[in-house]
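Chain order of the listed sequences is A and B. The first sequence runs 1 to 434 under the working numbering. The second sequence runs 1 to 468 under the working numbering.
Check each hint, because a few of them may be wrong.
To be verified - Derived coverage of chain B by chain A (criterion: at least 3 residues anywhere in the stretch with Cβ under 8 Å from a Cβ of chain A; other residues may be distant):
1) 55 to 68
2) 190 to 204
3) 255 to 266
4) 294 to 304
5) 353 to 366
6) 434 to 443
7) 446 to 458
Hints listed in this document are in silico derivations from the structure and should not be mistaken for laboratory results. The beta carbon of each residue, even a glycine, is placed where N, CA and C say it ideally should be.
Single-letter residue listing:
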Amino acid sequence: MTDSAQSVLIAGQKEKVRRGLDRRLRSERRFRAYGIVAIVLAILMLLFLVGTIVSNGYSAFTQTWIKVDVLLDEELIAPDGETDPETLREDGDFRGALIETLVADYKPEGRAQEDLLVAMFSTEAEWTLQRHVIANPDLIGRKITIWVKSSSDIDQLTKGAVRRDSPESGRKLKDLQLRWYDRMTAENRIETRFNSGFFSSGDSREPEQAGIWGAIVGSFLTMLVTLVLAFPVGLAAAVYLEEFAPKNRLTDLIEVNVNNLAAVPSIVFGLLGLAVFLNFFELPRSAPLVGGMVLALMTLPTIIISGRASLLAVPPSVREAALGLGASRMQVVSHHVLPLAMPGILTGTIIGMARALGETAPLLMIGMVAFIVDIPGGPTDASTVMPVQIYLWADSPERGFVEKTSGAVMVLLVFLIVMNASAVYLRKKFERRW
Amino acid sequence: MNYGAILATLLVLTVIGFYLGRGRARAAAGAPTRLHSLPGYYGAHVAIWMALPAFALFLFWISFQSAIVEGMVWNGLPDRVAVLGEAKPKNALPAAQKQLLINNIRNYASGDIVSGEITDLVKQGAAAYRRLEVLSSWIMAAAMALLAAIGLLVTYRSISPAMRARNRVERVLLLLLMVASTIAILTTVGIVLSLLFEALAFFTKVSPVDFLFGLEWSPQTAIRADQVGASGAFGAIPVFTGTLLITVIAMIVAVPVGLFAAIYLSEYASRRVRATVKPVLEVLAGIPTVVYGFFAALTVAPLIRDAGAAIGLTVASESALAAGLIMGIMIIPFVSSLSDDIIIAVPQALRDGSYGLGATRSETVRQVVLPAALPGIVGAVLLGVSRAIGETMIVVMAAGLSARLTVNPFDAVTTVTVQIVTNLTGDPEFDSPKTLSAFALGLVLLLVTLCLNVIALRVVQKYREKYD
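Construct the complete structure from the given sequences, taking the supplied hints into account.
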């Protein structure tokens, strides 16, 4: 073979390799791009979800109020002339007084138009008036100016969620009501305020009166029961399995059980709660006590697994030093190992509790889906919890509830973010590398 | 009598017992060196024997109190009771009517709403109920006080410098730790028994073969004979295929996205990108499923329906596609974080060898790292599948109720979890096959997810050991 022939061959190979390399580098870039696309996709979905919820829900925190002038007609409010709170509450026709003044002001023609006018106000308006008059009985007989809640439809109109140009038959607010509304706006009778009722009242069929305080209290009671049951038991189980348990079949069985329970669908725990706690032990339905028990069983594996990991991370030298100084094994654990492992265990517990706080399915099984207006006073009162409240409201067809649902989701997410952030903080602050 | 007050009293007594025991130990010692254990252990010994037996009695008592009180109230009622206006012999009442009567008595006694008319019978029963309940709690309190007193007396008298208080206390503590760790087993047993018990009741009404292989699911049983569309058919195949369809859609979304995200994060990303992206993905995992469900039903499903309509497809407003898509997004972080752990566990030496032979990064990943990590990734995907099958809220809110035998992702389908929820919410009656079918479905769900989990955990564990 001559030199020139060889160099031609080498050049050909070089060319081949170069072309191959181009191809390979292109595929390398492509592969890398797939990874970036996957991550961007996931993050975009998250932003889309949060964006949708926030843009739907921020308006739940405000509420439209209407200023009305009411003539406190003695004939209607205090027919017997008595003005003590009890009589006023029993006999006073505040709704009548309200309607009378409204009719005088806006002059609806006929019964149907009068109903349309009244429908612009929340049914709560008469109670607002009643409270005001009972607090100031000397106002009776005079004409007063008072702010009352608007109905949910008017509230949605103020927030821009109602299209005025759609055909009248297709919307709940009629043209007449829009005209009245425009007159009120012109007279400065419409005002948007912070919706404090959303954070202080229970559920309601009327969107403008519905609040999440009942659900927050229910969630708190449920979480309290869960924590009281799951934390000590989970801690004790983790300590036993990691520090004391002999390696035998029973402990193997327990381990397998714990790992499997962590992956059992949550709804199965609900079935357990229904069959055992409600049907067998006849505990009350819809109660935070039972909900907390079910969620405790669900959270237990998480606490045990994270607790064992934290205990395992404590180096054996700590135990050996304590044993060498004459401590008993129980003293070694309680005086030395547990304090060192505690931040990790607490982090695991908080994460488990955050999961339990967002859990819905098992609570549906034990009847926490009831419509409950009252704020629960104790763990055996019927109540609901935040995620279930979201589920219930999401089922309601009214436009006003879409906003309430999103608002409730925002509140729930804030709670979860606070819990998870505190877990991260705890881990960062007390993390020790041995 | 208030249970909280009883327990608080017990707690106070126990604390007093602790100080009494410690004081006596100190007094008995003369000099501290003569005691076997620290004085606090003598106090703890007294406290344990005061509190534990009394507390155990308390738990036992309240578990069985209501059943016993109900029995006594029932026996105290007159022999002929008026039900629905006619007097019947008490012992010949059907079980449902008897239960209703007892429930009414109990509800009236506790001030809850009573269904139906409040008869004199209910009032009489409720009075007896309340009397017996008060009596029972007084007896319980007295018995608890007696147990605590015996515990105090025996342990207090036994205190002497030679007594090995620490060993005794520690033995009890160890026992308590052991009991706590068996709760996991009890939970599993409870789940299996409760599902099995109710599912067997269901299978006496519907044959298991019809249930597992039947092609029609319509759990509404007819109340009247001539009712239309209420055949009460319990063939679960359409429910299973619906579950499968949604799961497949979810995995089609979750596996590629999750896997590529994991590969990028573990092989390409800089430390800083990793430190920011990982927590963001974990946020996706932390969002409650009810929020995903709301998002799917409110935003995604109409979006898909409109998009379908724009290109001339008929898409159901509760399409399997919307539910599956959102479920896939929920599972992405699950797949990505598990795969990430597994890919990182592949030893660096394998990668270095591949680079040394001139392979590019992507070639190394595809031909060396992924094959080595494959079993673990399969395990991660299986865990994801089991998650998807057991997921409830997304499908309850975004998938339909109609059990249709179809694989068209634009149709509405139903799933196992949806059927469990719809058949059990409201006021379940535990003798109708509709209610019981939920437990049979639950049993199937448990078995399937358990199998998937066991296989997946095995695979993942085996793989981890290989490179450790």
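Results of checking the hints against the structure:
1. Beta-carbon proximity to chain A at under 8 Å applies to 3 residues in the segment 55 to 68 of chain B; the threshold of 3 is reached and the given coverage holds.
2. A count of 6 residues in the segment 190 to 204 of chain B with a Cβ less than 8 Å from any Cβ of chain A is obtained; the coverage claim is therefore met, three being the minimum.
3. Evaluation of the coverage hint for the segment 255 to 266 of chain B: fulfilled, as 9 residues show C-beta separations to chain A shorter than 8 Å, against a requirement of three.
4. Given a C-beta distance limit of less than 8 Å, the hint that chain A covers the segment 294 to 304 of chain B holds, as 5 residues qualify and 3 suffice.
5. With a cut-off of 8 Å between beta carbons, the segment 353 to 366 of chain B has 6 residues touching chain A; three or more are needed, and the interface restraint holds.
6. Coverage of the segment 434 to 443 of chain B by chain A holds [criterion: at least 3 residues with CB-CB distance below 8 Å; count 3].
7. Coverage of the segment 446 to 458 of chain B by chain A holds. Counting CB-CB distances below 8 Å, 6 residues qualify, and the rule asks for three or more.
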